[in-house]
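Could you put the whole structure together from the sequences, leaning on the hints where they help?
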Amino acid sequence: MNQEWADGYELSHVSHLSRGRSDHAPLLINCQNGSHSKRSFRFLNVWRRHSDFMDVVRQGWAMPVEGEGMPKFYNKLRAVKGCLQVWNVQTFGNIFTNVRAAAAVMKQREEQFDAARDSVSRAALEEANAVFARSLALEGEFWRQKAGIKWLQVGDANTAYFHSCCRQRRNFNFVARIKDQAGTWLEDLQDIRQSAVDFVSALFASEQHGWQSPELPFSVPQLAQADNDMLSALPDMAELKGVVFALDADSAPGPDGFGAGFYQACWDIIQSDLLEAVQAFFQGMRLPRSFTSTSIILLPKIAGAMQWKDFRPISLCNVCSKIISKLVSDRLGRVLPALVSQWQTGFVPGRGITDNILLTQELVADLDRRLRHPNLMLKLDMEKAYDRVEWPFILFMLRRFGFAEQVVDIFFRLVSNNWFSVLVNGEAAGFFKSSRGVRQGDPVSPGLFVLVADFLGRGLHHLLERQPGRYFVTAGSPVPYLAFADDMLLFTRCSKDCLSAIKGFLMEYEEASGQKVNVNKSSFFLPSGATSGQEQLVTRVLGFRRQSFPFIYLGAPIYKGRRRGFLFDDIISKMRARLGHWSTKLLSFGGKLVLARHVLASFPMYLLQVLNPPKAVTTRLGKICNAFLWDDKGERRIHWSSWDKMCFPIDEGGLGFRSFTDMARAFAVKLWWRFRLGESIWAKFMHAKYIKGVHPSEALVERASGTWRRLIAIRQMAEQNIRWCLGESLVDFWKDRWVFQEPLESVVDRSEKPHFLVAEFIASDGWDETRLGRWVPGFVIQAIKEVPHDLARKDMMVWLPSPTGCFTVKSAWEVLRQRKHRSLVDSLLWPSVLPAKMSFLAWRLVRNFLPLDMTLRCRGLALPSRCGCCYQAEEALLHVFLTGPVASEVWRRVSGRFGFHLRNCSSMASVFVSWHFTSVSSAKDHIRVVMPIVVCWFLWLARNQERYQGLRWEVGKILCEVDYFLEQLGRAGKFRRAHFTGDADYELLRSIKVSPRRGIPCAVAWEKPPLGLLKLNSDASVNCGRASGGGLLCDSQGKLIFAFYKEFGDQAVLEAESMALLCGLQLCLQRGLCPSLVEVDSKTLVQLVGSGVIAKWPLCNTLRKVRDLLQGFLASFSHIFREANSSADRLASIGAGGTPVYDQFQQLPALVRASIILDARGVPGVHWVIDEA
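Letter by letter, the sequence shown follows residues 518 to 1690 in my numbering.
It should be emphasised that the hints constitute simulated quantities derived from the structure, not laboratory data. A portion of the hints provided could be inaccurate.
Calculated cross-link-like contacts (lysine to any residue; reagent style SDA-like; alpha-carbon spacing at most 25 angstroms) [as the list claims (entries may be wrong)]:
hint	residue 1	residue 2
1	Lys598	Val563
2	Lys1354	Asp1480
3	Lys696	Gln957
4	Lys1441	Phe1106
5	Lys1556	Ser1650
6	Lys1038	Leu816
7	Lys1252	His1272
Pairwise CB distance ranges (calculated) [claimed, not checked]:
hint	residue 1	residue 2	range
8	Val1211	Ala719	58 to 64 angstroms
9	Arg803	Phe1068	41 to 47 angstroms
10	Ile1517	Arg1678	23 to 29 angstroms
11	Arg1469	Asp635	21 to 27 angstroms
12	Thr1136	Asn1540	47 to 53 angstroms
13	Arg639	Gly1490	20 to 26 angstroms
14	Glu704	Phe1066	40 to 46 angstroms
15	Gly1566	Ala755	40 to 46 angstroms
Using N, Cα and C, we set each Cβ at its ideal position, and we do this for glycine too.
This is how it looks when you write it as structure tokens:
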């Protein structure tokens, strides 16, 4: 349906009626204009922009209310709700009415200005424009909150797009008719609502009476007492604040109407009462009904859902309840990895869904093994898994895992007093209490459910362990099952004994947990050579149906045999469906650009992690994205550039897209990284299957899976970028890179190189130099002696391209991707202060990618041409934008404001470069970089207005539009004083309202350590690539204990800073001195040491020593400003001839002595803090 229909009938639903005697099924179009019922309260994030908002909340919160803890907090919310409702009507006003009123005033002011053309009418027009712009911004934010759009930010955030997204979602979720359990169609809205309430209330109603605990024939891990104490501890303000600000401010609120945006905006007002309420819960208070009231929305799981069972109930919880639940969930997440079976990857921190897909694909390759009892794969589907789980079973599993009764009570109070109403077509219906199930949408539900589901997984595993012949036969390590929450694949053998045991256990699990295996959706997979009797055996015992390959598992296709392009048809169809939304027609080129970068291009990334698509598939994906960018309203337009040419960074002439082929290779490197880590279940399986006593870089397999072949293709590149930071030293002595940038086998010229682990060369007191001397030359031994190791720790892999040492797909992509030469012109086209649509126009402009008459002629279109600015020349790019009478006059006036004139510019690229070179600043957001892009935008706008609206080109109008746009950017806070460096006398600077750049002097001084303690300060200096460092240790009187100076050779600044710090700490250790305070003036180093990240290699080795020494000294490590660290700074800059260690004060150079004396006397230095608006 088109835009006009959607505007007239917001809720339209098309149904196919029965054919009857006709050959055609009649269509029933049900049209409504939405509900006219009274709207419930909902906090609007746009309210936060109003200057009176905080005062209104503060006033409402200060009202006296009854109760303590949670009742008190809810009563305060009710008081604030009343104040906001009154304030919204009386002060804030109706957003849409305000927009219409502001538009009317602006139109009136425009007419007055056109008539008068004086300063008074101009000021009135600017004021009206500002009011209108603010009203539009509020309307846009309102619709963005309603639409739930997070990828589109200001600049291209048009209200029509948000509105259409809301309308489309509302239409999709609208229920015009539904079948009841008897198969009768219900079309009356009241009947539909009652039917929904009956369905959901029955779903959450327990079916068991007299529940009995099941037997547990297998052992489960036990929770430690320290973990129980952590789970039940009273939360403090810092933990609570972290939980509140981790919530999505734009997420849908619960029945009370307050979203997370309210809690974050009003944190300073509500924090103490919220903490009191949360602590009351942990002290045993039951959650009141006002907290646990929940709205359930029913989202269709399939297109054309006809029965309520085809809908998924999602709970919209009150944020006050969600905060408590998320706090408990975060704590539970810390202990889940130690409790839940390794084969369960759903919602367990540190585990990934990709392991399930990759492992399944490997196991499917072994399905066809010839066996007496063939391999069998069962796919279990649980019916309404979250909603059916019985509460006694939850408590049973918690107790079996060793949760203390106090902690069990916390979880029980979270799930046992939940009240629900059902939202049907936007209206609430019913109000009932649940007696089973956990809420989908409640943060704690996934964690609780995986604990419950662990009974099923461990029980099935126990059945296989009792008789090893029941295991699925594979070339890797045994895999009993794979689970992601309630999605489970069981790998076993096709024998009557095994199937009967599985059937019996499933029945026991259903009886105990309340879960129900959906036999209609559950399926099984047998080898292609299985007999019909074996197929009938599985069907008879379990009731499942046989399924063929490929099938979709966790969103990815699982297949047998060769990789085919059709496996990706699902993701391609989803991308086409997303692009086919008529709402995307409302986006500008800038909006399309953002959508293509952040949403569409990310669609296939999930699959690229687990599958390597054929070239034909990546080409199709690129063409889809390219068509979306260039086509308009579903109609094909000129594709000015291919997708491959745009898949480069913007400073290399691209649009910031990433090639799907490059990303597939980057994800393959990620797989190799995870494989080498060897921590995941997939990595352990692959090691067992493919690594047969050789180094992974040399493993050869004749009949390898597609995943292994994918790894082999990037193995060499990946190994070249992996380094090792030694712990227990179980790394390969010759083949791993742990000393130099190359492995020792490439450094040492020796024919015999038997396999050794590094640990074999470590004695009890350090490196075994005697044994090392048998295998490597002296210079290698000296390098090895500098490498730290700690046998009590694990070895750490370090990713060389990453500054943190941790692997990132982005860094792998940077290493692998195609490259072009960096372009100065293209780097100037994307200032961050401008909307993407303006920069995109400039990008098209320098490439002549605009549909001008002469450009279209060159592409084979025969059409007459006449320029709209002069009606004489033909319409060509340079004429429209540079040399035509209007364009040339605009450029003359604009450049004249900056004291220069454009000369000898033969292309638009030369225009942008010329403006850049006239600037004294290299900032990419400088006004002289921004100005030509803005001018080109409004020249293009004037051309289109003349072409399609008949409006004449006017130099004055274009200049006014440029000036007004820049003023709006200034009012929006986009400009800083640095953007006008060298142009402080620019005539519009005052109206743009750029705050001056101010330096605020602050006195900073070196502080003496407390009595009896020592303080170590260090610093480094890098001059012409030569690094040196220095530092000193002082007592509580400021007297020198010792000072040092050391040269480090060719090092970067951060490496030199860390080496200087390490040198000082080692000297303290050698002399038996214990510094309690350690200070450096490198904030980056302080953050790096405190964060615990690996850091890049070989810096990671230095940081490991630093961390160990700091921990051994129990020292406080902090940042100090350079002006207060002058003594260490001067020591680091002594230069050639400096003494390694100074034990006497008089040995020091005079400047260093003077600085130490000033520090001891507390004389401050001046540190300038730049205050830049």
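Cross-check of the supplied hints:
Taken as a hint, the Lys598 and Val563 pair is honoured in the structure, with Cα atoms around 15 angstroms apart against an allowance of 25 angstroms. A distance of roughly 18 angstroms separates the Cα atoms of Lys1354 and Asp1480; the hinted pair therefore holds under the 25 angstroms criterion. Note on Lys696 and Gln957: the hinted pairing holds, with a Cα-Cα distance of about 24 angstroms set against a maximum of 25 angstroms. For the hint linking Lys1441 to Phe1106, the alpha-carbon distance of about 22 angstroms falls within 25 angstroms, and the restraint holds.
A threshold of 25 angstroms between alpha carbons decides the hint, and for Lys1556 with Ser1650 the separation of about 21 angstroms falls inside it, so the pair holds. The hinted pair formed by Lys1038 and Leu816 meets the criterion: a straight-line CA distance of about 19 angstroms does not exceed 25 angstroms. In summary, the hint linking Lys1252 to His1272 is supported, as the alpha carbons are separated by about 9 angstroms, within the 25 angstroms threshold. A C-beta distance of roughly 60 angstroms is found between Val1211 and Ala719, which places it inside the suggested range of 58 to 64 angstroms.
Distance hint check: the CB atoms of Arg803 and Phe1068 are about 46 angstroms apart, consistent with the given range 41 to 47 angstroms. For the hinted restraint 23 to 29 angstroms between Ile1517 and Arg1678, the CB-CB distance of approximately 25 angstroms keeps it satisfied. For Arg1469 and Asp635, the Cβ-Cβ distance of about 23 angstroms falls inside the hinted range of 21 to 27 angstroms, so the restraint holds. For Thr1136 and Asn1540, the Cβ-Cβ distance of about 52 angstroms falls inside the hinted range of 47 to 53 angstroms, so the restraint holds.
Checked against the hint of 20 to 26 angstroms, the pair Arg639 and Gly1490 passes, with Cβ atoms roughly 23 angstroms apart. Between Glu704 and Phe1066 the C-beta distance comes to about 42 angstroms, which sits within the given range of 40 to 46 angstroms. Gly1566 and Ala755 have their C-beta atoms about 43 angstroms apart, which keeps the hinted 40 to 46 angstroms range intact.
Violated hints for the displayed structure: none, as all numbered hints are satisfied.
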